[in-house]
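Take the given structure of chain F and dock chain V to it, following the hints.
For reference, the chains in residue letters:
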Amino acid sequence: MTRRISRRTILRGAGGAAIALPWLEAMAPRRAQAASAPVKRFIVMFSANGTIPSAWTPVAGSSESDFTLSPILAPLEPHKSDIVVIGGLEQKGGGGDGHQNGMGGMLTGQPLNSGPFAGVGAPPAGWPMGASVDQRIAEGLAVPTRLRSLELGVQVGSADNWGRMIYRAANQPLPPDDDPASVYGRVFADLHTDPAVVARLRRRRKSILDGVGAQFTRVSARLGSADRQRLDAHLTAVQEIETRLTTDLVVNNPSCHDPTLSPVSTTANDAFPMVGALQMDLLTMALACDITRVASLQWSRSVSQTRFTWLNITQGHHDLSHRPDSEPDAVSNLTKINTWYAQQFAGLISRLKATPDGAGGTLFDNTLLLWCNELAKGNIHGRIGAPYVLAGSAGGALRTGRYLNYGPLPHNNLLVSILNAMGVPDTTFGKADWCSGALSGVL
Amino acid sequence: MSRRCSLLIALPVLLATACGGDGVATETFPLCADDPGPAPLRRMTRFEYGRTLSDLTGVRASVADQLPPDEETLGFDDIADAYSVSTLHAARYLDVAEQAADALVADGVRLKAVAGCDPSSGDAGCLGDFIAGFGRRAWRRPLEPDELAAMQQIYADTADPGAKDGVAGVVAALLQSPQFIYRPEPSVPAMTTAGALEPYALATRLSLLLTGAGPDDALLAAAGSGGLHTEEGLLAQTDRLLTGPRAAELFVHVATQWWELGGVPTLDKDRALYRTWTDATPGALAEETRLFLADAWQGTPNLKTLLTAPVTFVDADLAAFYGLPAPAGSGFQRVDLDPARAAGLLTQGSFLAEHAKADQTSPVLRGKFVRAKLFCTPPAPPPPDIVVRPPTVDPRLSTRQRFAQHTADDRCAGCHALMDPIGFAFEHYDAAGRWRDVDGGQVVDATGDLVGTDVDGALDGVPSLAARLADSAAVANCTATQWFRYAFGRAEQSQGDLCTVGKLAAAFKGTNGDGDFKKMVRATVRMAAFRNRASGVSP
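Chain order of the listed sequences is F and V. The letter at position 111 of the first sequence is residue 111 when you use the numbering used here, and the numbering goes up by one with no holes. To convert a position in the second sequence, counted from 1, into the numbering used here, add 443.
In isolation and in its complexed conformation, chain F is listed as follows (with noise of 0.2 Å):
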């Protein structure tokens, strides 16, 4: 009893979170943790357009460990010994518009498959050939969490291939959920349900489904193959959803709690600053309750036209990164674009430093995190140095604080070296071509 009134009054000092939790309560009992292997988590920020790779790159030092942050990267000074900027990376692509395969190559290191989304210049091109990074993790880490992996977005626009990045396998590509209000009711709602009903509704939902997954198996016996494929990836899903609601949210964490949410216009180009915020806020929960070890947030979208007024600029970011070298304006303000994104990037460290974990320490402490852009150059396209950080050592398996410039070698040995950081023993991802291995020295 004492434990729980104590428990109380550290949410209500945590600030922000002057919620009562009446249901929360109850709930903590459930747990059922086995302090076997340490928890990991990943999450994927991912900004468009290309950088500026002159106010990107670091200057190197006498050694890995000795830079000095480029301008862009500035705002990732307060962190500057937790994270690991790699440079000179290959991005790999193929199919599709360098925008198009820029994006779905990025985290799945495979090329597009041939469909129905006509780019610039390129024939029309489909979803990429296999999974993303972050699903291969969740699959190893074989985790039951209530959601296998939360994706969100600020912005992210139409349903296409230019703005989708992570992949549940091929040709399966996973919206991002970019309004927060939705993210809150879908991710949080047993949080703020009285545990009586939660079960209630779990039972009811689970005999919904298991009928409609038997209508789903039904109709589809009567399809031709490729119509039943597509019935079978829908009955995957509601499988999904059924094993959800038999997964029990175990809360071991005094940090989780039910976040507040503010009203927020979604689409409003202004807003886009509010909305990432909160996403980051709710993101950060939904780890810190453990509903979920992967995620990801997707800023806008590849070919972004955000137009990032809050910064004084006017102009859409796609055309503002089509401008040549030779126009200081436009390189200024792209540079205060990446800049911005290092800041949000910054912020979200910040966030998980700021939250405790469960089993002590905090968040940041066994998280990964990844930034990442699907392409280097905006204005020609380029893929050769592609900018990417990571922060945080995923429980002490990377070692931080270093700028490693790696020369074109395939942004698929990055992946790979991502997953051996998240305790995924793969020697290779994606097309097989374009990966030969870990890249040495990371870990």
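One should not assume that every hint holds.
Claimed, not checked - One side only, chain V facing chain F, incomplete, derived with CB under 7 Å:
(1) Ser505
(2) Asp508
(3) Pro512
(4) Glu514
(5) Gly518
(6) Ser527
(7) Val528
(8) Ser529
(9) Thr530
(10) Ala534
(11) Ala593
(12) Asp600
(13) Gly605
(14) Ala616
(15) Pro627
As the list claims (entries may be wrong) - Distance ranges between label pairs, derived from CB positions:
(16) Ala916(V) with Pro408(F): 21 to 31 Å
(17) Gly669(V) with Thr243(F): 44 to 54 Å
(18) Thr243(F) with Ala476(V): 40 to 50 Å
(19) Ala599(V) with Trp310(F): 53 to 63 Å
(20) Ala189(F) with Asp566(V): 30 to 40 Å
What the hints assert, rightly or not - List time: in silico SDA-like cross-link candidates among lysine to any residue, alpha-carbon distance up to 20 Å:
(21) Lys206(F) with Glu541(V)
(22) Lys961(V) with Pro688(V)
(23) Lys206(F) with Lys961(V)
The hints are simulated quantities; they were obtained by calculation from the structure and are not laboratory data. The beta-carbon is built from N, C-alpha and C at its ideal position, and this holds for glycine as well.
Frame of chain F, contents of chain V only:
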């Protein structure tokens, strides 16, 4: 891309040879029967799902906004090859189905209307009638005995604490099932060649095509009684559905996508340059276009109206935005515009602002739209080594002068000669869609040129362009192609498809060449591609 382009370019030729004349009305039914083309499994779009759910349960159609957005390609939201599915989809279908089920059981009048009794009363007979009746509407065909039994089981499992909960459980299950969300078209038993679609599947195609919602009771009854087997029966239902308000809404939905106006409600402009642009402007521009299209459908639904009519709809605020006199009466009113300046959709703010940058007009985007969406001949993309960028805004230069680079550089000139001179004809309209006489300190020069089409000639202002477009057989053919893509949810691919497009185009052009949308829609249901299904559906 190259394959699709060559087909599109070849289209006018094929229309003349493979398909011929415009005597659609007297030909054998169905038309182009040799090859109905592929019919991949389609999913209801958010638009269709919301409207259908609203009909069934009384929820607002906007509940569909909770679903992940539809994949868009070829300019439309219903292209079957582009769909994907994820757990987010399944989670959202679950949420929305529960909301709709709760809404239905909370509405006693609507609930009782389904079977003429109260299924939540505990009366087993009434429950059975309800499951059969609601199920038939939701699944657009009668449920089979074991499907009825499965729903009874769900009722038994979910009637906790009361019968209402069980009814809601049944409704939620029906609404998450593939027969509701998708449009499965089972093969006709022993079908070995292309043959007539099973009547309930035909009713579904008909209703979604004409109204963007599932079939009503009258259409299902016609399907059940053999009423769709004949051309007369099919056309009678077609004409009935075409007269309702839903057909007008569908027309607005399709035309809005064709004209690339889906993004208008979230459009924004550089407000330092366009000071009259407010948070309310994009919504008002979208509403103007919606009213214009609905009015055209009810009045004279032809291509000429869309391209040339010097009328629009404004309220006092939007009139002020355009610099027009406030309309008589409150709210949006139909107003006549100066025919020397105005030409249908081409001079509406929605179209003009969408096809412009945030801080300047774009002759390229406007010209490209005309090429790609009205002539179906999209220009080749820029060479890969060219740094593509709009010229910097310079207050001393007109847009035309700033885009001179395109004709100065040989590698750009070829394609931009097809786009920019069309776009220049729009130069009296700024990036927000308002009339202007001066640009960059200079009197606007809105002369241009239309080349490489069947209606080539010099242009001066949008009305001169609009008149040529309205006279173009190529534009009419392209319009039929756009409609084909929406109607069948796929790109035109085969000779059979080209025959279908040709017949649609012939019906559209008719004898006076005005381009009558209602005639084209009516011709669609007479096509084998609509009426029949190819063989080869067995596993």
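Results for each hint:
A cut of 7 Å between beta carbons decides the hint on Ser505(V): the least distance to chain F is about 14 Å, and the hint is violated. A cut of 7 Å between beta carbons decides the hint on Asp508(V): the least distance to chain F is about 9 Å, and the hint is violated. Checking Pro512(V) against chain F by beta carbon gives a least distance of about 5 Å; that is within 7 Å, so the hint holds. The restraint placing Glu514(V) at the interface with chain F holds, with a minimum CB-CB distance near 4 Å, inside the 7 Å limit.
Hint status for Gly518(V): violated, given a least beta-carbon distance of 10 Å to chain F, over 7 Å. About 5 Å separates the beta-carbon of Ser527(V) from the nearest beta-carbon of chain F, less than 7 Å, and the hint is met. With 7 Å as the threshold, the beta carbon of Val528(V) comes within range of chain F, its nearest partner Cβ sitting at about 5 Å, so the hint holds. For Ser529(V), the shortest C-beta to C-beta distance to chain F is roughly 5 Å, which falls under 7 Å, so the interface hint holds.
Restraint check, Thr530(V) versus chain F: the minimum CB separation of about 5 Å is within 7 Å; hint holds. Taking 7 Å as the C-beta cut-off, the interface hint given for Ala534(V) holds, the closest approach to chain F being about 6 Å. The interface hint given for Ala593(V) is met, as the beta carbon of that residue sits about 6 Å from the closest beta carbon of chain F, less than 7 Å. Satisfaction of the interface hint for Asp600(V) is found here, the shortest Cβ-Cβ separation to chain F being roughly 4 Å, below the 7 Å cut-off.
Annotation: Gly605(V) was flagged as interfacial toward chain F, and the flag is violated, the nearest CB pair being 12 Å apart, outside 7 Å. The beta carbon of Ala616(V) comes within 5 Å of a beta carbon in chain F, closer than 7 Å, and the hint placing it at the interface holds. Interface hint status for Pro627(V): upheld, as the beta-carbon distance to the closest one in chain F is roughly 5 Å, under 7 Å. For Ala916(V) paired with Pro408(F), a C-beta distance near 53 Å fails the hint of 21 to 31 Å.
Under the hint 44 to 54 Å, the C-beta atoms of Gly669(V) and Thr243(F), about 45 Å apart, fit the expected range. Checking the proposed 40 to 50 Å range against Thr243(F) and Ala476(V) shows it holds: the Cβ atoms sit about 48 Å from each other. Checked against the hint of 53 to 63 Å, the pair Ala599(V) and Trp310(F) passes, with Cβ atoms roughly 57 Å apart. The hint said 30 to 40 Å for the Cβ distance between Ala189(F) and Asp566(V), and at roughly 34 Å that hint holds.
Distance hint between Lys206(F) and Glu541(V) is fulfilled; the C-alpha atoms sit about 13 Å from each other, no more than 20 Å. With a C-alpha separation of about 14 Å, the suggested pair Lys961(V) and Pro688(V) falls inside the 20 Å cut-off, and the hint holds. Between Lys206(F) and Lys961(V) the alpha-carbon distance is near 47 Å, which puts this suggested pair outside the 20 Å criterion.
Of the numbered hints given earlier, the model fails hints 1, 2, 5, 13, 16, 23; all others are met.
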